[in-house]
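Chemist: Given chain A, put chain B in place with the hints provided.
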Amino acid sequence: MTRLKSPAALERARKQILSQRDSQRPCVAICTGTGCQSYGCNKVYTAFVNELANTGLQGKVDIRQTGCPGFCERGTIVVITPEEICYLRVKPEDVPEIVSTTLVGKRLVDRLLYEDSNGKKIAYEGDIPFYKRQMRIVLGNNRLLDPKSIDDYIALGGYSALAKALFKMSPEQVLEEVKRANLRGRGGGGFPAGTKWETTRNAPGTTKYVIVNADEGDPGAFMDRALLEGNPHCILEGLIIGAYAIGSHEGYVYVRQEYPMATENVSIAIGQAREYGLLGKGILGSGFNFDVTVHRGAGAFVSGESSALMTALEGMVGEPRPKYIHTAVSGVRGQPSNLNNVETWANVPLIVNKGSKWFTSIGTAGSKGTKIFALVGKVNNTGLVEVPMGMTLREIIYDIGGGLRQGKKFKAVQTGGPSGGCIPESLLDLPVDFDELTKVGSMMGSGGMIVMDEDNCMVDIARYFTSFLGDESCGKCVSCRVGIGQMIKILDRICQGKGQRGDIELLEELCEVVRDVSLCALGKTAPNPVLSTIRYFRDEYEAHIEQKRCPAGVCKALVSYYIKPDKCQGCQICLRDCPVEAITGGKGLVHIIDQNKCTRCGTCLEVCPSRFAAVARLSGEPVPAAPPLGTKVVRQKGKQ
Amino acid sequence: MNKVKLNIDGKEVESEEGMTVLEAARSAGINIPTLCYHEKLAPHAACGICIVEISRGGRSRLVLSCIYNVEDGLVVKTQTPKLIKHRKMLMELMLASSPAIADLARQYGVEKPRFEDKITQCVLCGRCVRYCNEVKKANAITFVGRGINRRVAFVDEAVSKGVCMDCRECFGLCPTGKIPRETDSACFDGLTIQDILFDKKGK
Numbered sequence: 001m002t003r004l005k006s007p008a009a010l011e012r013a014r015k016q017i018l019s020q021r022d023s024q025r026p027c028v029a030i031c032t033g034t035g036c037q038s039y040g041c042n043k044v045y046t047a048f049v050n051e052l053a054n055t056g057l058q059g060k061v062d063i064r065q066t067g068c069p070g071f072c073e074r075g076t077i078v079v080i081t082p083e084e085i086c087y088l089r090v091k092p093e094d095v096p097e098i099v100s101t102t103l104v105g106k107r108l109v110d111r112l113l114y115e116d117s118n119g120k121k122i123a124y125e126g127d128i129p130f131y132k133r134q135m136r137i138v139l140g141n142n143r144l145l146d147p148k149s150i151d152d153y154i155a156l157g158g159y160s161a162l163a164k165a166l167f168k169m170s171p172e173q174v175l176e177e178v179k180r181a182n183l184r185g186r187g188g189g190g191f192p193a194g195t196k197w198e199t200t201r202n203a204p205g206t207t208k209y210v211i212v213n214a215d216e217g218d219p220g221a222f223m224d225r226a227l228l229e230g231n232p233h234c235i236l237e238g239l240i241i242g243a244y245a246i247g248s249h250e251g252y253v254y255v256r257q258e259y260p261m262a263t264e265n266v267s268i269a270i271g272q273a274r275e276y277g278l279l280g281k282g283i284l285g286s287g288f289n290f291d292v293t294v295h296r297g298a299g300a301f302v303s304g305e306s307s308a309l310m311t312a313l314e315g316m317v318g319e320p321r322p323k324y325i326h327t328a329v330s331g332v333r334g335q336p337s338n339l340n341n342v343e344t345w346a347n348v349p350l351i352v353n354k355g356s357k358w359f360t361s362i363g364t365a366g367s368k369g370t371k372i373f374a375l376v377g378k379v380n381n382t383g384l385v386e387v388p389m390g391m392t393l394r395e396i397i398y399d400i401g402g403g404l405r406q407g408k409k410f411k412a413v414q415t416g417g418p419s420g421g422c423i424p425e426s427l428l429d430l431p432v433d434f435d436e437l438t439k440v441g442s443m444m445g446s447g448g449m450i451v452m453d454e455d456n457c458m459v460d461i462a463r464y465f466t467s468f469l470g471d472e473s474c475g476k477c478v479s480c481r482v483g484i485g486q487m488i489k490i491l492d493r494i495c496q497g498k499g500q501r502g503d504i505e506l507l508e509e510l511c512e513v514v515r516d517v518s519l520c521a522l523g524k525t526a527p528n529p530v531l532s533t534i535r536y537f538r539d540e541y542e543a544h545i546e547q548k549r550c551p552a553g554v555c556k557a558l559v560s561y562y563i564k565p566d567k568c569q570g571c572q573i574c575l576r577d578c579p580v581e582a583i584t585g586g587k588g589l590v591h592i593i594d595q596n597k598c599t600r601c602g603t604c605l606e607v608c609p610s611r612f613a614a615v616a617r618l619s620g621e622p623v624p625a626a627p628p629l630g631t632k633v634v635r636q637k638g639k640q
Numbered sequence: 001m002n003k004v005k006l007n008i009d010g011k012e013v014e015s016e017e018g019m020t021v022l023e024a025a026r027s028a029g030i031n032i033p034t035l036c037y038h039e040k041l042a043p044h045a046a047c048g049i050c051i052v053e054i055s056r057g058g059r060s061r062l063v064l065s066c067i068y069n070v071e072d073g074l075v076v077k078t079q080t081p082k083l084i085k086h087r088k089m090l091m092e093l094m095l096a097s098s099p100a101i102a103d104l105a106r107q108y109g110v111e112k113p114r115f116e117d118k119i120t121q122c123v124l125c126g127r128c129v130r131y132c133n134e135v136k137k138a139n140a141i142t143f144v145g146r147g148i149n150r151r152v153a154f155v156d157e158a159v160s161k162g163v164c165m166d167c168r169e170c171f172g173l174c175p176t177g178k179i180p181r182e183t184d185s186a187c188f189d190g191l192t193i194q195d196i197l198f199d200k201k202g203k
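Chains A and B are the protein sequences, given in the same order. Note that our numbering has the first sequence beginning at 1, numbered continuously upward. Note that our numbering has the second sequence beginning at 1, numbered continuously upward.
Okay, chain B solo, but in the shape it has when bound:
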């Protein structure tokens, strides 16, 4: 592997070709915040929290560090006022539909969102979907619908009982913590992941 040298927040970082900026930063002890990212899963690049500013040869632009590969001579900034502002807005947008991430949002300085949204809890980070597809290879759950109607559901709710292994391993991956850790019968009692996330009991 070829070594690649880059500069992150003023610190010279040596990393390997093919690594992402996020991985390089973390290996150097520099924290770039993330939400949908999980080191065991393919990057999804959906939440936008890991956004950083890169520059090389005078031109700078914003990229998502979880999918941007390191380049020699790259200068990365992870904490500019603009980035902090963008992350705060993203948390605010997610918090509007997911009160479950209130603690996380507070870390970004968001107490109460200025927006109203239907409470679904799910932020569509896709951790459960990716885990089920990539690691368990069960492909029991997927994204359904488009745009504002996108949601997570069993691939085919009629056959889900046979497809979902009821391993419950996706529960612990959910950043909202809303996929319940305990259910009584197999396959979430026939509920969709979205049903479960609605958290009907707890509100």
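If we strip away everything but chain A, and leave its shape as in the complex, we get:
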């Protein structure tokens, strides 16, 4: 392909690509996102290639390896267009049947379809409840294109927003449109992107930088990963438009080392964009020059913080700088640098193409557009969900997420990544947007959403997230390094049953110093997990401290397992499965757990047949004395 030298050339290229494609020709779209990779999607792809060749369908059916559509729970996902038949959990051995039944026979393979809770099969992607309630304006294209193909992106109208911005709008008009759209940063802070752009645009400096923050590091979050892997061109297009509005000619994509496929796909995309004249000198024949470099992060969570990211870009240790002067004014090498998250950039082409009016028609008063969440934890349908701002937590967790696993009782949902907060059941009808989440002591963050059930101990959860932040703190501020360190020690001792009266208050006192004195956002938000769990689950802290009881039965030091002599049938299952041989007894004899040997792994409770239910988990109460060794079991009626 030669360089595209005008918007008309781009449009001609698009028409040419479309003319070589038949929209009615069947296409098998196979998700090759990271989730499906671990299910073995590459083998599914190979199986399709071979099977189509064997059946003589080669050239009559298209195969496309796409990015992640989000329903990671059910990978490998295969969608057959134009009908949009959605097959889930596809294995290589299912492929011949799909080809013969669906592609040749035009019938459905029932067993691979989604089945709702009433046992009804759903054939089409759009009808599956997980997708039905979503609004996939950003993520939706992932399924429609091969991320390694710029032609696929152009065929979908890609880079038309860039053409519009460069030839029909002044940089000021682009800036104004983004400001009017009230696009708020999707990476955590929720700061209005347009305002940030304007700051960088107006700041004095010889060189101005625009940067994509793809240092996504929250445990359980993969929104940015899926976008960068699945649709890198839309992020590039947003970045180029932003650079035009700001007056920047140099950009970076800061992507973490741990995302090899994202790095590969965005690097390929940059190469293709250069070849097509969409990056480099005189983009699309305009007078605007801009190019991008990919910078791989070295794997520090704190490098997602703007000033730390820029320090790392300069080749130094990724450590936040004091930033009473914003990086938008003084960032990379002291120059004005505008940093936005992957998802924020991905929204830009949409705003330019469809207008701020369209964008602001979605969402709530203060938060516009959609947000992608990584819905994970104890929920039936885990994966990526994109919903309009303002949808309630209940709708996301129950209507899209399909409710909790194994009918367990909901306890809390943790939003905003490790420095977010835990939201209790009483607030499930909270509309999800930037301000509402902050009000209840949590935050939007980059969009992590971890669902917890009755089996989660909230003190243990607070300890987990605080430990994560303690490890990931750069260690410079005393308040953050030592403050979080001491918080971890207190949480540890509470979980070990060594908590003392006054520990909750001491934690609160520490939280205040960590929040007020630490310089960067990591320290300032680090107390959230502890403060929100104290706020909503204080009773659990008190149970640990006062009664030495872990209500959820998680904290090993506070639980013990006991075999009820009147229930035990002497079946020897737990005895055999105990990994530390702590259970004694014999066939027909009451089993006894040696409390000194027991490691509280809970295996005995799991394996004891439910019809016996002989193993009990105790917490906060003494273990009853065991019967003498050799006691015969009491046979239950109707059982042998």
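Source of the hints: derived by calculation from the structure; they are not laboratory data. All values derive from a computational prediction rather than experimental measurement. Some hints could be false.
[Claimed, not checked] Simulated pairs of lysine-lysine, DSSO-like, Cα-Cα distance not exceeding 27 Å:
hint, chain 1, residue 1, chain 2, residue 2
1, B, 88, A, 524
2, B, 85, A, 489
3, B, 82, A, 489
4, A, 556, A, 597
5, B, 5, B, 40
6, B, 88, A, 498
7, A, 524, B, 82
8, B, 82, A, 498
9, A, 489, B, 118
10, B, 118, A, 524
11, B, 77, A, 524
12, A, 556, B, 5
13, B, 118, A, 498
14, A, 489, A, 132
15, A, 148, A, 15
16, A, 489, B, 112
17, A, 439, B, 82
18, A, 408, A, 548
19, B, 85, A, 524
[What the hints assert, rightly or not] Sample of chain B residues facing chain A (criterion: CB under 7 Å; computed from the structure):
hint, residue
20, 48
21, 68
22, 112
23, 113
24, 115
[Unchecked claim] Covered stretches of chain B, as calculated for chain A (at least 3 residues, CB under 8 Å):
hint, region
25, 2–16
26, 82–96
27, 117–125
C-beta atoms are modelled at their ideal positions from N, C-alpha and C, and glycine is treated no differently.
Modeler: Structure of chain B alone, referenced to chain A:
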């Protein structure tokens, strides 16, 4: 240089643009306590002791005075109950790992910390690191590790003998006084700064 007028603890202070609040206060004879700060070195903003409350136009917030530049019309408070409480907690946190700063901590009303920590003496104020890098330009020592594992060490312990000039000028800068003033041979006998701070002899 443009003159900037601000108010610190009720006192009208005139200072120059580009100065920090800490510098402006000190030039007016108002003491803001510090620990990691040293006038010869670039501010490090790590210990948090110099925290002050600033307000302008009704909104107030807490900032570190060693890195916050003066602004016209800024109102600064250096001794509110909240600030005093925060400083006390910071001293308490540092004292837990550094008994060497006991005298200093006492000035903030901290006798015995409520926390237990591994005794390392070093409070990671970075004075020695900054002196070696900024003034001596030797770059022999640096921070190593992250979070609770952060420590001061020679850049590369294998080559440190060639890099460290053995000037011993960092000794006197250490607020804990634990970098020994006398060693027998060059380069601290091959010890890391952290080894020396451990104060194996004195405990």
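Chemist: Confirm or reject each hint.
Modeler: We went through each hint and held it up to the structure:
1. Under the criterion of a C-alpha separation no larger than 27 Å, the hint pairing residue 88 of chain B with residue 524 of chain A is consistent with the structure, at around 19 Å.
2. At roughly 21 Å between alpha-carbon atoms, residue 85 of chain B and residue 489 of chain A fall within 27 Å of each other, so this suggested pair holds.
3. Using a Cα cut-off of 27 Å, the hinted pair residue 82 of chain B and residue 489 of chain A holds, with the two alpha carbons roughly 24 Å apart.
4. Among the hinted pairs, residue 556 of chain A with residue 597 of chain A is consistent with the structure: their alpha-carbon atoms are about 13 Å apart, no more than 27 Å.
5. Among the hinted pairs, residue 5 of chain B with residue 40 of chain B is consistent with the structure: their alpha-carbon atoms are about 25 Å apart, no more than 27 Å.
6. Restraint check for residue 88 of chain B and residue 498 of chain A: satisfied, since their Cα atoms lie roughly 26 Å apart, inside the 27 Å limit.
7. Between the alpha carbons of residue 524 of chain A and residue 82 of chain B the distance comes to roughly 16 Å, so the proposed pair stays at or under 27 Å and holds.
8. Annotation: proposed proximity of residue 82 of chain B to residue 498 of chain A is violated, straight-line Cα distance about 30 Å (limit 27 Å).
9. For the suggested pair residue 489 of chain A and residue 118 of chain B, the alpha carbons sit about 12 Å apart, so the restraint of at most 27 Å is met.
10. With a C-alpha separation of about 25 Å, the suggested pair residue 118 of chain B and residue 524 of chain A falls inside the 27 Å cut-off, and the hint holds.
11. At most 27 Å may separate the alpha-carbon atoms for a hinted pair to count; residue 77 of chain B and residue 524 of chain A meet this at roughly 21 Å.
12. Pair hint residue 556 of chain A plus residue 5 of chain B does not hold up; C-alpha atoms about 60 Å apart against a cutoff of 27 Å.
13. The hinted pair formed by residue 118 of chain B and residue 498 of chain A meets the criterion: a straight-line CA distance of about 19 Å does not exceed 27 Å.
14. Between the alpha carbons of residue 489 of chain A and residue 132 of chain A the distance comes to roughly 45 Å, so the proposed pair goes past 27 Å and is violated.
15. A hinted pair counts as satisfied when its Cα atoms are at most 27 Å apart, and residue 148 of chain A with residue 15 of chain A qualifies at roughly 20 Å.
16. Annotation: proposed proximity of residue 489 of chain A to residue 112 of chain B holds, straight-line Cα distance about 18 Å (limit 27 Å).
17. At most 27 Å may separate the alpha-carbon atoms for a hinted pair to count; residue 439 of chain A and residue 82 of chain B meet this at roughly 23 Å.
18. Between the alpha carbons of residue 408 of chain A and residue 548 of chain A the distance comes to roughly 25 Å, so the proposed pair stays at or under 27 Å and holds.
19. Taken as a hint, the residue 85 of chain B and residue 524 of chain A pair is honoured in the structure, with Cα atoms around 17 Å apart against an allowance of 27 Å.
20. With 7 Å as the threshold, the beta carbon of residue 48 of chain B comes within range of chain A, its nearest partner Cβ sitting at about 4 Å, so the hint holds.
21. Annotation: residue 68 of chain B was flagged as interfacial toward chain A, and the flag holds, the nearest CB pair being 5 Å apart, inside 7 Å.
22. The interface hint given for residue 112 of chain B is violated, since its Cβ lies 14 Å from the closest Cβ of chain A, which is over the 7 Å cut-off.
23. For the restraint placing residue 113 of chain B at the interface with chain A, the shortest Cβ-Cβ distance is roughly 9 Å, beyond the 7 Å limit, so the hint is violated.
24. Residue-level restraint check for residue 115 of chain B holds (minimum Cβ-Cβ distance to chain A is 5 Å; threshold 7 Å).
25. Closer than 8 Å: that is the beta-carbon criterion, and the region 2–16 of chain B has 0 residues meeting it against chain A, so the requirement of 3 is violated.
26. Here's how the region 82–96 of chain B fares: 7 of its residues keep a CB closer than 8 Å to some CB of chain A, so the rule of at least three is met and the hint holds.
27. Counting residues of the region 117–125 of chain B whose beta carbon lies closer than 8 Å to any beta carbon of chain A gives 3, which reaches the threshold of three, so the coverage claim holds.
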